[in-house]
Amino acid sequence: MPKSKKTTLNAIEKPAAFGPDLDVGAFKRETSPWPPCTISKLPEDIAQRALSVGISAEEKERAGTYFQIDHSAILQAIQESFSEKAEIMTTGEALEKYSWAEEYWWKIVDADTDKFTALAKLKWDQGYFIRVLEGQKITVPLQACLFISKDNFNQNVHNLIIAEPNSEAQIITGCTVHPNVQSGLHVGISEFYGKKNAKLTFTMIHNWAQNFNVRPRTAALLDDDATFVSNYMCMKPVKSLQMYPVAYCRGTNSRVRFNTILHGNQNSYLDVGSKVVLQSKGSRGEIIARAIASDNAQINARGLLIGEHEDSKAHLECRGLLLSDNASIHAIPELVGKVKGTELSHEAAVGKIAEDQIQYLMARGFSETEAESLIIRGFMDVSIFGLPDVLKEDIRRMIDATFGGAL
Amino acid sequence: MLRIENLTVEIAGKRVLERVNLEVPKGETHVLLGPNGSGKTSLITSILGFPNCHILSGKIWFNSTDITAMPTDERVKLGMGAAFQNPPQIRGVKLGDVLRHLTKGKVDEVKLAGTTNIPVDFFDRDLNLGFSGGELKRTEILQLLAQRPDFALFDEPDSGVDVENLEIIGKAINEFLKKRSGLLITHLGHILRYLKIDRAHVMFYGTIACSGKPTNIINRIMKRGYKWCEQCPKVKRLR
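If you read the sequences in order, they're chains A and B. Under this note's numbering, the first residue of the first sequence is numbered 1, with each subsequent residue one higher. Under this note's numbering, the first residue of the second sequence is numbered 408, with each subsequent residue one higher.
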């Protein structure tokens, strides 16, 4: 769907379907480039923040790393032993190197969707290209970090991830800002392609700032027997975050699972959902969302399942936990069946911590605070992500850091 | 060990306990019998100090400490614990994590699980979620064994448990209570054949209608049901 620059220019005025509108011109674009650097040589404050979103400085813990600060890609490295298995580079380099890359560029995310997609097209600041080569199974996670170092700054990345046939990989992406950054705008376009029988688990962790705005725009296209697991976690305050990633199960027996763990706190406004479009025989989808709202946070937890094939099935589960009378959670699950035979279902629940659960744990000797923290941490159950132990432990630590650990 | 004096309790505006008097001396195990709805579970939650149990009058003493107004977790710290009849499901909280918290490394959880016939893979399961009736009872008892309280409350440990498991948990409870004190609620009494009981109490209309030697009371109730008790002048007077 090639679009002319003119329609994209028109889209730059178009507010997004959801989330508060923003003046995209209100943020700074000018910056000086960052020189190439390894994570271990990065300034301590940057490395620490990167670690808070799962980015490891230990080389042996990750098969490869992409690190971008503001508009500069400072690191694109793949471990020697994995160099024949996957590629990591900036999307700019990939488009230059491979003529075929154009066929994946702006193909499942439409640049004319809204002002944020238009902005990412008109003012594009790199992003990562990760390609897992055919038949390669990468046992150690690949990682990517998108970092903003300046206050009131705008970063627009466009990522392209291709899992070639019969490949398998784990990718962890952490997006964060320097501790001095309070406000800004991050727009991230991500296009995922899962080829025949590929298996890709993508885990994205966000840690922004109180006055920061975030607008990811993500789509995935899955071929026959492909599996895509997308995990998303945001635990820290943000001014506004709006995203509604979509996966198209185009191939026979393709599978997708979206898992989301959200903690809205302070004055955060989170409008986060996932869409699954079941387009072929045997396609399956699952959306699991856990949302906790405290302080004055407002969370819209969306979900949309569209059944377009008679042999397709999907389920949506959304649970919300309210920890404050000033917070709110609006669960919006939607099911659209377009053919007979498709099976779509959902369950949604929003409430406070059940008194009987606290009492029960107190009868086991936990204090009231310990019991609450145990229930909250249990609610944010990282095992829904289905991650390998190393990543699971990293993420559990992040949750413990937010909610404290009773055990 | 435990002494309850003239305890009257209201739950959700309804009088559930009426001037209950009960004493379980150190080293003894008592059984509390009674028909459904007679107030047995309310007595347990009142002993534990659940906030929905509003104490209108009376006192609860534990090891000569007045615990009537004490929060649940503090009572537990003094050495009491309970296996519940209908424990709540808690998503994401793993049985294994709770067990490890209770044993504090002093007891081998895996070995303990064996004594209640709970497979180790249950440790990774969410607390009480998707457990069968029998599994619920066994994991409740397992947690209590891990907790090792001096005084143990068991609320209907035998309901919904199959014959093989009844023997297993009966023996586990009996072994556990050898050096401890306890109060055990049972409606059907199946588990009593495995336990050494020092005294039996029968509850009717929210109060203890009679107390006595366990063999007499238990055998009659087992044979003739609570209908027999209803003929008793003591119970008739309570109506």
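It is possible that part of the hints are untrue.
Unchecked claim - Below, a sample of chain A positions facing chain B; criterion: calculated Cβ distance under 7 Å: (1) Gly365; (2) Ser367; (3) Thr369; (4) Gly378.
To be verified - Stretch by stretch, here's where chain B covers chain A in the computed footprint (C-beta under 8 Å, at least three residues): (5) 346-358; (6) 379-386.
Claimed, not checked - Each pair of labels, with its calculated beta carbon distance range: (7) Glu582/B <-> Glu393/A: 44 to 54 Å; (8) Gly420/B <-> Gly351/A: 21 to 31 Å; (9) Asn623/B <-> Asp400/A: 28 to 38 Å; (10) Met477/B <-> Ser40/A: 33 to 43 Å; (11) Gly596/B <-> Pro388/A: 46 to 56 Å; (12) Gly434/B <-> Ala57/A: 57 to 67 Å; (13) Arg426/B <-> Glu334/A: 35 to 45 Å; (14) Lys630/B <-> Ser324/A: 22 to 32 Å; (15) Ser328/A <-> Gly444/B: 37 to 47 Å; (16) Glu393/A <-> Trp468/B: 39 to 49 Å.
No lab work stands behind these hints: they were computed from the structure. Even glycine gets a Cβ: it sits at the ideal position worked out from N, Cα and C.
Hint-by-hint comparison with the structure:
| no. | hint | result |
| --- | --- | --- |
| 1 | Gly365 | holds, 4 Å |
| 2 | Ser367 | holds, 5 Å |
| 3 | Thr369 | violated, 10 Å |
| 4 | Gly378 | holds, 3 Å |
| 5 | 346-358 | holds (count 4) |
| 6 | 379-386 | holds (count 4) |
| 7 | Glu582/B <-> Glu393/A: 44 to 54 Å | violated, 37 Å |
| 8 | Gly420/B <-> Gly351/A: 21 to 31 Å | holds, 23 Å |
| 9 | Asn623/B <-> Asp400/A: 28 to 38 Å | violated, 56 Å |
| 10 | Met477/B <-> Ser40/A: 33 to 43 Å | violated, 53 Å |
| 11 | Gly596/B <-> Pro388/A: 46 to 56 Å | holds, 50 Å |
| 12 | Gly434/B <-> Ala57/A: 57 to 67 Å | holds, 59 Å |
| 13 | Arg426/B <-> Glu334/A: 35 to 45 Å | violated, 57 Å |
| 14 | Lys630/B <-> Ser324/A: 22 to 32 Å | violated, 57 Å |
| 15 | Ser328/A <-> Gly444/B: 37 to 47 Å | holds, 40 Å |
| 16 | Glu393/A <-> Trp468/B: 39 to 49 Å | holds, 46 Å |
Comparing the model with each earlier hint shows violations of hints 3, 7, 9, 10, 13, 14; every other hint is respected.
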